[in-house]
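Top to bottom, those sequences are chains A and B.
Per our numbering, the first sequence runs over residues 1 to 108.
Per our numbering, the second sequence runs over residues 1 to 883.
Simulated from the structure, these hints should not be mistaken for laboratory data.
Incorrect hints may have been included.
[Said to hold, decoys possible] With a cut-off of at most 27 Å between alpha-carbon atoms, the simulated DSSO-like pairs for lysine-lysine come out as follows:
id: 1; chain 1: A; residue 1: Lys62; chain 2: B; residue 2: Lys806
id: 2; chain 1: A; residue 1: Lys75; chain 2: A; residue 2: Lys62
id: 3; chain 1: B; residue 1: Lys39; chain 2: B; residue 2: Lys64
id: 4; chain 1: A; residue 1: Lys75; chain 2: B; residue 2: Lys64
id: 5; chain 1: A; residue 1: Lys75; chain 2: B; residue 2: Lys39
id: 6; chain 1: B; residue 1: Lys806; chain 2: B; residue 2: Lys789
[To be verified] Derived CB-CB ranges, DEER-like:
id: 7; chain 1: A; residue 1: Ala81; chain 2: B; residue 2: Pro131; range: 51 to 59 Å
id: 8; chain 1: A; residue 1: Phe99; chain 2: B; residue 2: Arg81; range: 42 to 50 Å
id: 9; chain 1: B; residue 1: Glu65; chain 2: A; residue 2: Gly9; range: 38 to 46 Å
id: 10; chain 1: B; residue 1: Val54; chain 2: A; residue 2: Val35; range: 18 to 26 Å
id: 11; chain 1: A; residue 1: Glu106; chain 2: B; residue 2: Ala45; range: 50 to 58 Å
id: 12; chain 1: B; residue 1: Gly58; chain 2: A; residue 2: Phe99; range: 33 to 41 Å
id: 13; chain 1: A; residue 1: Trp65; chain 2: B; residue 2: Val54; range: 17 to 25 Å
id: 14; chain 1: A; residue 1: Ala81; chain 2: B; residue 2: Ala204; range: 55 to 63 Å
[Said to hold, decoys possible] Computed footprint of chain A on chain B, listed as stretches where at least three residues anywhere in the stretch have a Cβ under 8 Å from a Cβ of chain A:
id: 15; stretch: 3-9
id: 16; stretch: 94-101
For every residue, glycine included, the Cβ atom is placed at its ideal position computed from N, Cα and C.
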Amino acid sequence: MEKLDIPQGTLDLMILTILAREPLHGYGISQRLAVLSHDQFHVNPGSLFPSLYRLEQDGKLKAEWRATENNRRAKYYRLTASGRRQLEQHRERWNRVSFAVTSVLEGA
Amino acid sequence: MTLLHRFASIVRWIVRRDRAERDLNDELQAFVDMAAADKMRDGVAPDEAHRLAVLEVGGVEQTKERVRTGRRGAWLDAAARDVRYALRMCVRNPGFSTVVLVTLALGIGANTAVFSVIDAVLLRPMTYAEPERLVIVHETLAGRGRVPVGAAEFEEWRRAATSFEQMALLAVAPVILTGSGDPVRLEAARVSPSLFPMLGIDAALGRTFTPDEEVPGRHRVVVLGDAVWRTRFGADPSIVGRIVTLNDEPYVVSGVLPERFRFPRMEQVFVMGISGNRPQLWMPFAITAAERGENSFAAIAKLKRGISMDQGRDEVSAVLNRLAQQAPNAPRLGAEIIPLQEQVVGSSREVLMLVWAAITAVLLVACANIANLFLVRSAARSHELAIRGALGASRGTLIRHSLLDTMTLAVIGGLGGVLLARWSIPFLVRLAPASVPRLDEVAVDQRAILFTTLITTTTGLVVGLLPARRAAATNVIDGLRVTARSSTLSRHDRTARSLMVTTQIALTVACLGAAGLLIQSLLNTLRVDAGFASDRTLAVDVSLSPGRYGTLDAKAAFVRKTLERMEAVPGVTSVGFVNKPPLSGISLNSVLVLEGSERAAISMVDRPLADVRSVDAEYFRTLGIQLLDGHLFDATETRPVAVISEALADRAWPGERAIGKRFRLTARPGSLVEVIGVVRDVRNMRLDSGPSPTLYLPYWQGFINAASFTVKTALDPSAATAAIRAAISDIDRAVPIGSVRTMQGIVSESLATRTFQATLLTVFGAVALALSAIGVFGVMSYAVGQRAKELGIRLALGATPRSLQKMMISDVLRLVGGGVALGIPLAVAAGVVLRDQLFGVGPQDLRALAASSAAIFLVAMIAGWVPALRATRIDPVATLRVE
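Whole structure, please, built from the sequences with the hints as guidance.
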């Protein structure tokens, strides 16, 4: 099956959701995303990092350099309180949109 | 919160840019390493794993770039880069940059300077407490307009009117200060004690007046202005309580006013030609019984909160009506209330707005030139812009780049303009006519800088609009073609340029047209027969203190002795005495009751009004005032007689011979005065205000309310000044001598405002003309250059150089002719706006307009001709070869 494009605007939502569970570095986020989406979504650094940096600039994420399990140095991203609030909002909005779309598709 | 985070992170990125770049690099590197490690775990060889990982990641550089451009505040970086580029280009093209920067600095600087003046004079509220509630109360007389306020009316208002918090009466009261240095005449004002509290002014030293100091007998208190305290009393800190001698009477100094306190010149506060400069000293206004019947005062009041000016006026009128009922024969007075600031600055408004309109026009003309320059430059740069587009710059980026380019230059020009304004303000203030109020408050302050920022930004945008539009329309493919290296302007742009030049010329026509009208008015004013001869004549003002010169006899004796002494001065051919010389702008009016009309039911307003001058017989000869009928009085005349001017003769006894007629003066109701001579009219007020009906009385019979000696000399009058001063001091050393002026100087001074307007407008018009000529030249040169190939072909096909020239010149004609045609109605409109300033010429007067239009046409045609001539020198072979 061909790879799906990530719908616009949902990349942020997914990043926030993934980081809600535990802080991760960039590579980890891309791997987790592939796994969780059953290999449907593959995001390359060219799209991932701009989003990460933007979210960090807006104060939704906090970044710090830490050592990985393999004693490598990597930049870990963590959700802030503001980020958690944002996640809730985005999630709620996504639910409403998808419910509405589904209703239309089923009702028409 | 989000905004705060964003702002903080932008700052962080700027401050720690290198570290941030390294971080990003490390992070991406870690990503690649981890991807490779995963692959190696799956069994791929290390080298292959790395290669695959890099491929998977995609372009590392591109990712970095996307992060850089994707973050908040990325545009700041880009903008900074654009600005640095603009500055580099600026340095690389010194010719272009210099022309643009100098033009901008001049245009913006001049505008800022003029704005500073207008702000200080017209816009800024006066520096008193709650200035919007301060008003001036005028009395009006049907047929005469505003008249000075009467003391009796003022007291009634103060007692009865409830609309005002406080009211104050003012009188001009010049004093002679003796006993502290040379005797000197100082400007002073008598004011109600409520004035200073009303203005919110406290004394810097001591105190201002207490309410009981209004009572006659307790009024010998004086408050000094800061300037006089410094110059005359050496800023003595213990001045309070000291006794000074004013008009030969002792006054106690009760206080000194703060340095920043400013009061308008008295002649701006009073009406009907009462003169006076800024008061230097202040005394309480103790209204004497005699003064209650007088009306030569001004009233300032403070409205209560919430009361409108109309309400105040209605109440004041009601009081006047009540008073009128008690005195049915007195003329009916009306009332008018206007804001104090309006009163003081109102008359200067037109002059200043005129100057501002002119300077704005010049700025627009300059902007058009600069815009043209930028447009041409952007055409030359289109190749470079195409490359940028090919490298991935978006339309928005190109537009931003172009706008920042022009804005950078605009900002530098604006800074230069501010410096220029700061530097030129002292000159401007000195040039401005003295009648403009509040000139000492002019400075380039925050408001002016704000204004400069505004016009700099607007100028930058206006000038950068067309090049930016061009940048947005960059066609990458066309632009990259080699032949496009010498790119041309599109038809749109060429039309825009032509339109700009046409507008420039139209504005120049308007400016010079207005200048022409003002010059014409000035010349007309100069041609007015002032009624007297002003060459080689001096006017010396002296002040006779009421202490030692309290009686008419004492004054007359002084005058006689001084006249004798002055006649003996070598070089003097003739001396005369007059209370106020001509063109003083002051009228000393008195009503005439003609013999036989005493009982007639004529109101005061309808009786003849005359300007009263007390003179000696020689005065007429000294000033060359021609005798028309009858004879002059001689030095021993004891009968009450008078010499009148033609205008008065016409007014009082129209159609009859005035000699032998008699009248009474309301100011001296006892005796009947007989007319023995009629003389030529003299302008007492201003040259353009029409002849004044004047009454000349022998000085020994009264009315020596001021004193001036007119001295005619054989040669240069200023050589005799010292001797004349000595003559007066010899008679009485304690008499302060005011200014010694030449009559020529007095005439020039009376023309000061007109000269100022005409000069300034002509200078602006000339600058606009020069700029327009440059504009025409630029456009035509470019056009010829662009059409070189076409012209070469025409020549090759058999056209004569002459026909080409005609073709180009008809283009110039269209351009210039269109501009002039557009400008003429503009100039007429300007004339209509200026109507009140004109003298002897109407706004539709075509002479001045025709002259200026012709001049502009000529200059512009020459400017366009020169490049058109180049068309004839085109070598068709050379142009056709260039591909």
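**Hints violated by the structure (numbers, ascending)** = Violated: hints 1, 9 and 16.
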